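Undergrad: Sequence:
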Amino acid sequence: MLALVSNWRVVEADLIKEYGLDLWDPAVRARPWPGIRAHIFSLIDSPTRLRAALTLGGD
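When the count follows our numbering, it moves up by one through the sequence shown with no breaks and lands on 791 for the last residue.
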């Protein structure tokens, strides 16, 4: 979990790129958290910048 927080800028960038989810958009902020959390964890299973950062950075 600390690795996600340490790479939060990458999480935000990948959410926008992969799903069009801007976490600062009021409409997105009003959505239930479990759906957004599922998108975040799916970034780890996909070839994304987050996966590369977690694999290479190894927090």
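It should be emphasised that the hints constitute simulated quantities derived from the structure, not laboratory data.
One thing to keep in mind: the hints can contain errors.
[Unchecked claim] What follows is a set of in silico ranges between Cβ atoms, one per label pair, in the way DEER data are often shown:
#  : residue 1 : residue 2 : range
1  : 778       : 737       : 29 to 37 Å
2  : 788       : 759       : 19 to 27 Å
3  : 787       : 762       : 15 to 23 Å
4  : 762       : 784       : 28 to 36 Å
5  : 774       : 734       : 15 to 23 Å
6  : 762       : 788       : 16 to 24 Å
7  : 758       : 787       : 14 to 22 Å
8  : 761       : 788       : 26 to 34 Å
9  : 741       : 763       : 33 to 41 Å
10 : 778       : 733       : 32 to 40 Å
Model, not experiment: these values are computed from the prediction.
Don't be surprised by glycine CBs; every beta carbon is placed ideally from N, CA and C.
Undergrad: With reference to the structure, classify each hint as holding or not holding.
TA: Structure-based check of all given hints:
1. 778 with 737: 29 to 37 Å: 20 Å, violated
2. 788 with 759: 19 to 27 Å: 33 Å, violated
3. 787 with 762: 15 to 23 Å: Violated: the Cβ-Cβ distance is about 33 Å, outside 15 to 23 Å.
4. 762 with 784: 28 to 36 Å: 31 Å, holds
5. 774 with 734: 15 to 23 Å: 19 Å, holds
6. 762 with 788: 16 to 24 Å: 35 Å, violated
7. 758 with 787: 14 to 22 Å: 33 Å, violated
8. 761 with 788: 26 to 34 Å: Taking Cβ atoms as reference, residue 761 and residue 788 lie about 31 Å apart, which means the hint holds.
9. 741 with 763: 33 to 41 Å: With Cβ atoms ~21 Å apart, the hint is violated.
10. 778 with 733: 32 to 40 Å: Since residue 778 and residue 733 have Cβ atoms about 19 Å apart, the given range 32 to 40 Å is violated.
Hint violations for this structure: numbers 1, 2, 3, 6, 7, 9, 10, all remaining hints satisfied.
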